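Q: The primary structure of each chain is shown beneath.
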Amino acid sequence: MSEPSATAETVFRREWGRAVALVARLTGNLGLAEDAVQEAFAAALDRWADGPLPRDPAGWLITVARNQALDQLRREARRSRKEEAAMRMLGERDPPQPELIVDDRLRLIFACCHPAIDRGTHVALALRTLCGLTTAQIARSFLVSEAAMAQRLVRAKRKIRDAAIPFRVPADHELPDRIGGVLRVVYLVFTEGHRASASPRQVRGELCDEAIRLARLLAGLCPDDPEVLGLLALLLLTDARRPAREAADGRLILLEDQDRSLWDAARIGEGTRILDRATRLRRPGPYQLQAAIAACHAAAGESSDTDWAEIAVLYSALGRYESSPVVHANRAVAVAKVEGPAAGLAILDELRGDGRAEGWHLLHACRADLLRRLGRAAEARDAYRAALALDPPPAEREFLAGRLSELPVPSPKG
Amino acid sequence: MRYLCLLVGEPDLEGPAPGTPEFTQMLSDYGSATQAMAAAGVLVDSGPLQPAGSATTIRVRDGESLVTDGPFAELKEQIGGYYVLDCADLDETLRWAATIPAARFGAIEIRPVMMMPEQA
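Chains E and L are the protein sequences, given in the same order.
The first sequence begins at 196 in the working numbering and counts up one residue at a time.
The second sequence begins at 22 in the working numbering and counts up one residue at a time.
Just chain E, with the same shape it has in the complex:
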């Protein structure tokens, strides 16, 4: 793809969510909105494949998509009075919102995360409608077939239409019940962009950007909710490391090996300020804790300056909110940094006999690494093998297999 086209694609895809959201709100039909934006997007790439981009790409995309959708509705209205009624309802559909200017993307994400929609489909729906990922791309990251994912998305969109799930931001008194689901999805969209998956680097970067945009909108909506601020801080502080995360060949660079001069200082500054604001509200929570951990890393000019003791305390606190392999493994790593590998192993040994923990490859990998550092090669070998047997993702498998092969070969018994 030629350079100008790649830029056009990025510029227009950035406006994808807003266009879908606005047209969905106008027509009350998410499927129709998606199709209309898809066509407008294709037309945009066609028109601006070479040469300078329009002054207002958002306006162009929205206008074309909206006209496309309304044309489609008019065509269908000739066949069915139902669509005619839908068009008439355009004026009445939305009861006036107190804040006159509400970003349509907020309306859309609250709709995608409505409790009446199957909870397992919220993220997929957001990735499709707000971020413009294809069904195939989403299916790959969920490790399901494209047909299965298409069916889930269709079912969700049908539910929105048939049950008349509205495109609106919940009223103030409803927000506390609904905000958690939305934060979860925004976090997952960012994670999708952040981790090594099947999507190309450009797309993954756009997902992180979109997640941060959504987190900013949520922070504007709920400026006094410390967890909302915590999420935004977390995303900014994590995304700050993006320029240093990947080698030219796509290989992931571990945090401790990253060139910190490449970290985005502006993102770090902003993330830290927002975390401070959250902390002052004195209502701790998991997103704030994760942000604080990211801030610890960001504050260290060199890997060796990292305040691992503080990180260990933070992971311990986080463990009280969620018991996940990532939290346990990271706490073990932090403790190992402060007190040595044996102490880290002791943390992991607390989980011995926990059936669920035995199924987490990350924990076996972590044990393997600590055992390796203690020179207990035979046990390390067993642990690496246990991790590999649990079928980790390709990038991790490569890493683990590499470590396994570097272990000293057992000497023949004399």
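Worth flagging that the hints you see were computed from the coordinates, not collected in a lab.
Here the structure is a predicted model, which means the values were calculated and not measured.
Honestly, I wouldn't trust all of these hints.
[Claimed, not checked] With a cut-off of at most 25 Å between alpha-carbon atoms, the simulated DMTMM-like pairs for lysine to aspartate or glutamate come out as follows:
hint : chain 1 : residue 1 : chain 2 : residue 2
1    : E       : 354       : E       : 234
2    : E       : 532       : E       : 553
3    : L       : 97        : L       : 33
4    : E       : 532       : E       : 574
5    : E       : 354       : E       : 299
6    : E       : 354       : L       : 33
7    : E       : 532       : E       : 451
8    : E       : 532       : E       : 545
9    : E       : 532       : E       : 420
10   : E       : 532       : L       : 85
11   : E       : 532       : E       : 517
12   : E       : 354       : L       : 112
13   : E       : 532       : L       : 110
14   : E       : 532       : L       : 112
15   : E       : 532       : E       : 497
Position chain L relative to chain E; hints supplied.
A: Relative to chain E, chain L alone:
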């Protein structure tokens, strides 16, 4: 848009026993909820149902009427009543359904009624 709200009693949850002050309060809550919905113009119809023992099921197969005693399916859960509401969207319906006591003592299933072209 019309929604049918089916009031369902859940087997593990016992509502207040008849004769208790809690029962009287529940009846009163039903009354005020229904009145509020009527005043808001969203109530189309509502009613309590006689228990499942009073049910009769009819099926016609090959021109022959088969009438049996009891509900269409043996469920642990009992359908105890219904509301038909006319609301702008699902959220409005959910807000009203939350005020119906059955939501606290059991569950309320909310089903959109299909809009026929003539009703649009």
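Q: Decide, hint by hint, whether the structure agrees.
A: So, going through the hints one by one against the coordinates:
no. : hint          : verdict
1   : E/354 x E/234 : 24 Å, holds
2   : E/532 x E/553 : 23 Å, holds
3   : L/97 x L/33   : 10 Å, holds
4   : E/532 x E/574 : 20 Å, holds
5   : E/354 x E/299 : 20 Å, holds
6   : E/354 x L/33  : 29 Å, violated
7   : E/532 x E/451 : 12 Å, holds
8   : E/532 x E/545 : 18 Å, holds
9   : E/532 x E/420 : 34 Å, violated
10  : E/532 x L/85  : 80 Å, violated
11  : E/532 x E/517 : 22 Å, holds
12  : E/354 x L/112 : 13 Å, holds
13  : E/532 x L/110 : 55 Å, violated
14  : E/532 x L/112 : 51 Å, violated
15  : E/532 x E/497 : 15 Å, holds
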